[in-house]
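Engineer: So the protein sequences, as listed, match chains E and H.
To convert, note that position 147 of the first sequence is 147 in the numbering used here; the numbers rise steadily by one, no gaps.
To convert, note that position 53 of the second sequence is 53 in the numbering used here; the numbers rise steadily by one, no gaps.
Mixed in with the good hints there might be a few duds.
Each pair may be met inside one copy or between any two copies, as identical chains are not told apart.
Here are the simulated BS3-like pairs of lysine-lysine, each with C-alpha atoms no more than 27 Å apart in a straight line [claimed, not checked]:
no.: 1; residue 1: K421; residue 2: K291
no.: 2; residue 1: K462; residue 2: K494
no.: 3; residue 1: K533; residue 2: K231
Hints in this document: simulated from the structure, not taken from any laboratory.
Next come the chains, spelled out residue by residue.
Protein chains: 2
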Amino acid sequence: MRTDIEIAQAATLQPIVPLAVRRLGVPEGSLSPYGRYKAKLSLEQIEKLQGRPDGHLVLVTAITPTPPGEGKTTTTVGLGDALNHIGQNAIICLREPSLGPCFGMKGGAAGGGLAQIVPMEDINLHFTGDFHAIALANNLLAALIDNHVHHGNALGLDVRRIVWRRVVDMNDRALREITVALGGPGNGYPREDGFDIVVASEVMAILCLATSLADLKERLGRIVVGYTSSKLPITARQLKADGAMAALLKDALAPNLVQTLEGNPAFVHGGPFANIAHGCNSLIATQTALKLADYVVTEAGFGADLGAEKFIDIKCRQSGLRPGCAVIVATVRALRHHGGALQGLEALQEGLANLRRHVANVRLHYGLPAIVSINRFDGDTPEEIAMIERECAALEVPCVLASHWAEGGAGAAELAREVVKACASGAARMQLLYEDELPLDEKIAAVARKIYHAESVDWEPKARAQLGELQALGFGGLPVCIAKTQYSFSSDAKLLAAPIGHALRVRELRLNAGAGFVTAICGDIMTMPGLPKVPAAERIDVDAHGRISGLF
Amino acid sequence: MRTDIEIAQAATLQPIVPLAVRRLGVPEGSLSPYGRYKAKLSLEQIEKLQGRPDGHLVLVTAITPTPPGEGKTTTTVGLGDALNHIGQNAIICLREPSLGPCFGMKGGAAGGGLAQIVPMEDINLHFTGDFHAIALANNLLAALIDNHVHHGNALGLDVRRIVWRRVVDMNDRALREITVALGGPGNGYPREDGFDIVVASEVMAILCLATSLADLKERLGRIVVGYTSSKLPITARQLKADGAMAALLKDALAPNLVQTLEGNPAFVHGGPFANIAHGCNSLIATQTALKLADYVVTEAGFGADLGAEKFIDIKCRQSGLRPGCAVIVATVRALRHHGGALQGLEALQEGLANLRRHVANVRLHYGLPAIVSINRFDGDTPEEIAMIERECAALEVPCVLASHWAEGGAGAAELAREVVKACASGAARMQLLYEDELPLDEKIAAVARKIYHAESVDWEPKARAQLGELQALGFGGLPVCIAKTQYSFSSDAKLLAAPIGHALRVRELRLNAGAGFVTAICGDIMTMPGLPKVPAAERIDVDAHGRISGLF
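Please model the complete structure; the sequences and the hints are all you need to start from.
Structural biologist: Next up, the structure:
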């Protein structure tokens with residue numbers, strides 16, 4: 001069987017500029033090529049599209065995932081191809097993969113099998129340099145902070161209260177906790193610091209929520225980098241960092257266009273971490289795609305409790321986006337896992353509780369028509385498939401078997417038809433989970449109660465103190481971004497299926513004043529991953545002709 | 001008067017792909033566009049050029065510089081334009097500027113006035129992402145080192161003897177000396193570490209000396225990252241890092257093509273630090289340009305004692321390149337500075353000793369015909385110019401007054417004609433300063449004696465010990481890369497003009513086994529600059545239409 005990279009390398013790609021001109025109807029001059037198969041669409045052209053009506057937005061989400069993942073990206077690509085296959089005009093919107101994890105364990109994030117976006121090596125490595133620009137904008141701000149303190153600290157930053165960390169696009173555990181500015185007066189004031197992976201940077205979240213270059217700069221200026229000794233916030237604007245940061249990001253803000261293996265257009269742009277941040281591709285890409293196509297298929301990180309909730313309560317709240325339906329990806333394997341066993345119909349029956357709750361949440365709390373898509377694997381038995389189908393019939397939710405991985409867009413044609421039906425029905429009544437006016441703790445409680453079915457929210461003392469401070473500073477009106485394990489509805493990764501009676505434990509609040517949300521950290525959150533004992537980097541290679549191997 | 005960025009932004013650029021097809025005669029398919037005005041020439045196409053004869057190589061070097069710089073890059077661009085202006089076919093080869101210093105004090109490195117390469121904002125900011133790729137390859141190796149130690153340290157690396165540092169393209173003094181891997185067993189083994197600016201990375205030097213992707217990978221594998229407790233070297237190859245590093249660099253190795261304000265082709269590729277490394281643009285760009293043009297104009301960092309010496313003893317030694325002549329850039333202002341005063345003919349007369357020594361070195365020790373080019377400034381008086389011209393006449397060295405800054409290529413037409421004459425004369429007999437077989441200390445002594453006119457070389461005990469170790473490990477056959485102040489022939493920045501009787505103090509040796517040289521650190525060398533009290537970043541901005549201001 002061919003690997004993903006072998007399939008991708010064997011594909012014949014179309015030059016992206018003529019493809020975009022033909023399929024999106026944008027002028028050639030509005031496209032900036034990066035090599036032959038990647039391009040950015042100009043912000044100028046995007047402004048010109050403003051008057052147009054929007055297409056239908058389709059959100060691909062999933063049941064509570066297991067470590068190998070349930071194929072959300074693959075389904076997003078397959079569904080996009082399928083919509084085009086059945087004669088609709090569809091664009092896919094995905095996140096850009098983070099380079100760091102490529103060298104660790106994780107595969108790429110460009111789909112799989114016959115449902116991939118290409119050129120996959122480029123997309124998984126440097127792509128168009130957006131993440132590099134984000135990393136530098138982040139690190140410029142960090143350098144300006146320490147430089148400000150070094151040269152007299154006119155703003156009175158408390159070096160113990162600097163919250164802005166540096167970033168690198170690499171899994172590098174040695175950088176999680178460091179001390180900087182050692183070596184004497186010439187090197188500044190020593191302090192504790194640390195690096196995050198670039199997808200955890202607030203600059204990434206900002207780029208993904210900004211509506212224009214002006215909005216981007218405005219948001220960058222609002223970043224709170226630290227506090228004075230009397231706990232007053234100091235912003236990037238006070239450090240005069242916003243202009244230079246925006247200058248570094250001006251090209252990165254323009255969305256990237258690539259193609260699927262079937263030659264359909266895909267915007268791949270931005271990639272905020274799905275735990276610490278909101279986990280969706282850029283708003284500017286999604287909004288642009290909606291102006292250019294009848295259907296836009298996008299995904300949100302992790303299961304519907306995390307990804308879809310943030311998609312709605314952060315991205316849709318800030319932008320006014322309104323999805324027409326949600327596809328919930330499930331696999332037989334993962335449902336058995338939630339039922340507590342690797343094999344057997346009984347385990348599957350137990351595990352269906354997880355699917356049931358996600359379907360109910362999507363319909364009841366998010367107000368969206370749901371479609372269950374079973375991402376087919378070779379080992380799935382007819383009895384297992386039938387059991388899921390019966391469950392869905394009982395729930396009165398459409399359920400389709402999708403085999404885009406093996407068959408490409410044709411394998412997801414039925415899913416595409418259900419999506420068209422759901423969008424055409426006009427049944428979507430998207431709801432936000434809570435009002436802006438609610439204090440932060442009540443917002444968190446609303447998500448915990450409605451979506452996680454938690455019995456209570458437990459606040460650790462540190463988080464409780466931060467809550468009071470953030471409310472007092474006037475940040476209580478922001479939405480919350482809950483960072484918790486993706487492996488359970490609860491904050492305990494071991495509670496599978498559909499746990500009840502649990503408590504959500506809030507350890508820490510982190511202000512993202514520029515991105516416009518407050519992250520509530522519930523459980524252990526890794527903002528800098530590590531490499532495994534035998535990192536993928538050891539097998540990655542390039543031959544004398546530039547052909548990459550071992551990437552996946 | 002218009003600033004450099006205003007001139008650059010007002011220019012009408014030609015689309016780079018048709019320009020390259022027309023001017024270089026390469027097929028369109030061999031060019032990978034990055035936006036409309038930047039492109040990379042494929043390594044495949046470069047291989048196809050191998051059989052062709054080489055054009056003439058012209059090295060632009062300078063007298064001992066003063067802090068504002070003497071206009072070496074500007075002269076390189078102006079001379080390239082001038083050669084084309086007088087009907088020759090010329091290509092310029094320059095280094096890529098480092099992004100970090102843009103936010104500090106330094107202007108860009110894209111020339112100035114009417115002698116610039118464009119698009120200047122792109123070239124000075126992210127350009128085609130080469131430096132980002134280099135930074136990540138460097139940092140991947142760093143992550144693999146700490147990861148190896150964390151997971152059992154099978155190779156027995158001594159954490160006190162890890163010499164590989166991390167890099168970032170930012171002036172960030174707080175990262176010069178840090179401790180990493182704090183926070184407990186999950187984060188690895190604590191140790192002292194530090195960041196350099198990306199241009200100081202050995203990966204940068206390697207990329208700039210590699211002849212092919214295979215050679216690049218081979219060199220990456222040879223990098224010595226540290227030593228065991230018995231002082232045996234551990235290489236990147238032993239960590240299996242070379243393949244993944246090369247994969248990250250495969251696009252970066254292809255040279256970048258841009259244009260001058262006059263629409264002439266320029267390769268801008270690679271940018272190793274001129275103190276810690278050899279300070280020339282990539283070998284692959286220079287070699288490719290020689291296949292595509294009759295004249296290739298390139299520069300080497302700092303004055304002729306540093307830049308030209310390394311250009312010859314490292315780049316030419318490793319590659320077989322042979323320049324046809326050298327242009328020595330001088331300014332009236334700098335020569336007065338060497339004479340010890342800001343004004344007056346007496347100071348100029350004194351300062352001419354500096355020019356005299358550089359001319360002698362270039363002709364006698366490097367074996368190249370020299371041409372003195374006076375980079376004209378508005379305040380220069382006719383008497384001052386006449387004094388330099390008289391001096392040059394006495395030395396029997398051609399001397400021309402060049403005003404490309406104000407007039408573009410036409411302003412350097414006489415310089416171009418002198419260059420053509422010198423190359424056509426066939427007088428060049430390029431010599432290496434020392435043989436490979438000489439031990440490292442004798443190589444350093446040869447440079448110190450012949451070029452710097454030093455009386456002796458003083459070895460600090462640490463450097464002396466390193467000398468013994470490197471010789472014993474078999475690295476004695478490498479050329480040396482002397483890192484010292486650029487402001488004097490000596491290692492003391494205050495000794496101006498043409499000092500004699502001084503001692504070169506060697507503080508430390510650093511092995512660059514992959515790049516293929518040993519750096520001898522003489523005096524204080526900064527591998528990570530800092531930002532000034534009011535960094536340029538504070539005035540850099542971008543408007544709502546993406547127009548950058550304040551960059552210079």
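Engineer: Check K533 against K231 for me: Cα-Cα at most 27 Å, and say if that holds within a copy, between copies, both or neither.
Structural biologist: between (42 Å within a copy, 25 Å between copies)
Engineer: When Cα atoms must be at most 27 Å apart, do K462 and K494 count as within-copy, between-copy, both, or neither?
Structural biologist: The answer is within: 25 Å in one copy meets 27 Å, while 56 Å across copies does not.
Engineer: Given a CA cutoff of 27 Å, do K421 and K291 count as a within-copy pair, a between-copy pair, both, or neither?
Structural biologist: For K421 and K291, the Cα distance is within 27 Å only inside one copy (20 Å; across copies 62 Å).
In summary, this structure violates none of the numbered hints.
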